[in-house]
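Protein sequences, first through last, are from chains A and B.
Taking the working numbering, the leading residue of the first sequence gets 1, the next gets one more, and so forth.
Taking the working numbering, the leading residue of the second sequence gets 1, the next gets one more, and so forth.
Treat the hints as calculated values from the structure; they're not laboratory data.
Among the hints, erroneous ones may be present.
Each pair may be met inside one copy or between any two copies, as identical chains are not told apart.
[As the list claims (entries may be wrong)] With a cut-off of at most 27 Å between alpha-carbon atoms, the simulated DSS-like pairs for lysine-lysine come out as follows:
1. K69 / K243
2. K232 / K6
3. K297 / K275
4. K200 / K72
5. K297 / K232
6. K6 / K275
7. K35 / K200
8. K232 / K69
Number of protein chains: 2
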Amino acid sequence: MDLTSKVLKGDVLSAARLIRCLEDEIEGATEELEKLYTHTGQAHVIGITGAPGVGKSTILACLIGNFRKMGKTVGVVAVDPSSPFSGGAILGDRVRMQAYSGDSNVFIRSLASRGWKGGLSRATMSTVHVMDAMGKDLIMVEAVGSGQADIDIARISDTVVLVLNPGAGDEVQMMKAGILEAADIFAINKSDMPGADLLKLSLDAMLALSAKEAQTSFWKPPVIMAEAIGKKGIDEIAEAILKHKEHLGESDELAKRRQERARLELAWAVEDFVKIHLEGMDQEYLAQLVDNLAQRKNNPRSVARNIIAMISSGGRDGFFAHRTAEDA
Amino acid sequence: MDLTSKVLKGDVLSAARLIRCLEDEIEGATEELEKLYTHTGQAHVIGITGAPGVGKSTILACLIGNFRKMGKTVGVVAVDPSSPFSGGAILGDRVRMQAYSGDSNVFIRSLASRGWKGGLSRATMSTVHVMDAMGKDLIMVEAVGSGQADIDIARISDTVVLVLNPGAGDEVQMMKAGILEAADIFAINKSDMPGADLLKLSLDAMLALSAKEAQTSFWKPPVIMAEAIGKKGIDEIAEAILKHKEHLGESDELAKRRQERARLELAWAVEDFVKIHLEGMDQEYLAQLVDNLAQRKNNPRSVARNIIAMISSGGRDGFFAHRTAEDA
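When you get a sec, could you build the whole thing from the sequences and use the hints?
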């Protein structure tokens, strides 16, 4: 049986191997992912974002328990390098994780920042696809808490949970960065700390304002008080996620989000296609083109135009030295 | 007379207009730049990098005076948003600048970080090309002092001057980031501060080590003590720049650097070409392709392959709704 069929049957070792091969850019790995792609799109993808230390991992660890009790299969992609899933562990979370180490219905992978030339977003998307193809019902992605990464994760998630802490004062920064707008569910973790009520008030006020602006969307993001360390609020977060999933399915919002994601993936694929073919071009000929440019016999745009023409006809006339086989 | 001919005659207003049009992505601006390209490659491009506050602008302002005295025409591209050239002025530098405001042989432009969708490196390169086509002998690029930007500027410069301060302890960070290796000339500014001799010693030691490794290059980067505010060391820096220029011409290093740059520009042009055509594609058809992806009827790689084929034949069969004229 080949790798694709094994992954589709949910085989953990094959999935882990494919993810590793994608990470190491082993030849053929992208083709395997290509074959899996038409089997994906079933899983619900949940992005968990927030500043470092805010309690994302603890909430995520608790949520696994909730979803498992409901009989759901779960995938976890940890992008945060300091996440306990990635080894940079907080003891409590590590203990919580170990509860699932023997559960074949929970598949956890962390993405190292090494490798993945295409950037972490693409790597995350690829890993999500593999888990999706494995048949995981819910896939949680823990994002590193920096502005751009938070927004990137929002682009590849169906439901975005933003974790905040009272008194941290991150709200204004986050509003500027467009992170608050991307959140579907707010979780105020460590809500026993002073300032929790004030934070909830200000979030509610902000949401009331933006609800008036965006009248097309009927989803009002809930603001949930949580103390993840004592499992307080976790049931509410799990419930809100499933409610949001339901809302997406009933409205046209799910189709819209998935289309945006497909558009993003297409743009990436076009970029990759060109890059791979440039690398695979007859290097002597390419050097000659570059030489002409360096001597100002031509301009970059004209040469680029010719190269695109060559790339698109490359598979046919054997112009390319490498990589033609995989495009045949 | 058209814009291209005017820029080639050194007309300041036309050059300023073209740079502004490139920045605002006015239609036709890229085509003008394309026409100018074969007239470029004459100027010597000098990158001035270093951490913020290290004295880059002051050194640059002084160097203009030196080069003008030698009868050279000068272009300045300020990429640092806090640079006095960009308006974020330190009074002393502003006064120094004003000395050249009436000199038509000195052309100064600052790049705002707004606009320039392709990123600051491409914007800088385009601006350098315009100044080059104007006939400026020496073009100085002041780079914002962050790791990646420093290296990017090094990629588009013939000579890289790295400005350091004593006691700042940036050397280790810079060595890690590969910035020290990219420098052709070191200027220790504020060399009256404690630690200047120590910094010079450690740089000399490092250079002695790396000289053994890179035996093909015969250029030993000089380490120059400067106090730009008192114009100390400026003559030495100017001299070192011209000496390095001479060295490049005599060795095969200049041709090598220009080829690397041409390769970089070609990669950018290919990227831009694809991006522009994706944006200019029949949007209804593109939406249909995206829809197929969202419904998992196809995979991104296959669709990307088809799109590239369409892009390359686009100009001919009128498949594209927009932007076909400029590719005719």
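Verification of the hints:
1. Taking identical chains as interchangeable, the C-alpha atoms of K69 and K243 lie at most 27 Å apart only when both belong to the same chain, with a minimum of 17 Å there against 74 Å between chains.
2. In this homomeric assembly, K232 and K6 never come within 27 Å of each other (Cα to Cα): the closest approach is 39 Å inside a single copy and 71 Å across copies.
3. With identical chains, the CA atoms of K297 and K275 are at most 27 Å apart both within one copy (24 Å) and between copies (25 Å).
4. In this assembly of identical chains, K200 and K72 lie within 27 Å of each other by CA distance neither inside one copy nor across copies; the values are 30 Å within and 64 Å between.
5. For the homomeric pair K297 and K232, neither the shortest alpha-carbon distance inside one copy (69 Å) nor that between copies (42 Å) is at most 27 Å.
6. Neither within a single protomer nor between protomers do K6 and K275 lie at most 27 Å apart by alpha-carbon distance, with minima of 30 Å and 37 Å respectively.
7. Taking the shortest alpha-carbon separations for K35 and K200, neither the intra-copy value of 45 Å nor the inter-copy value of 58 Å comes in at or below 27 Å.
8. For a Cα distance limit of 27 Å, the shortest separation of K232 from K69 inside one copy, 17 Å, qualifies, whereas the shortest one across copies, 74 Å, does not.
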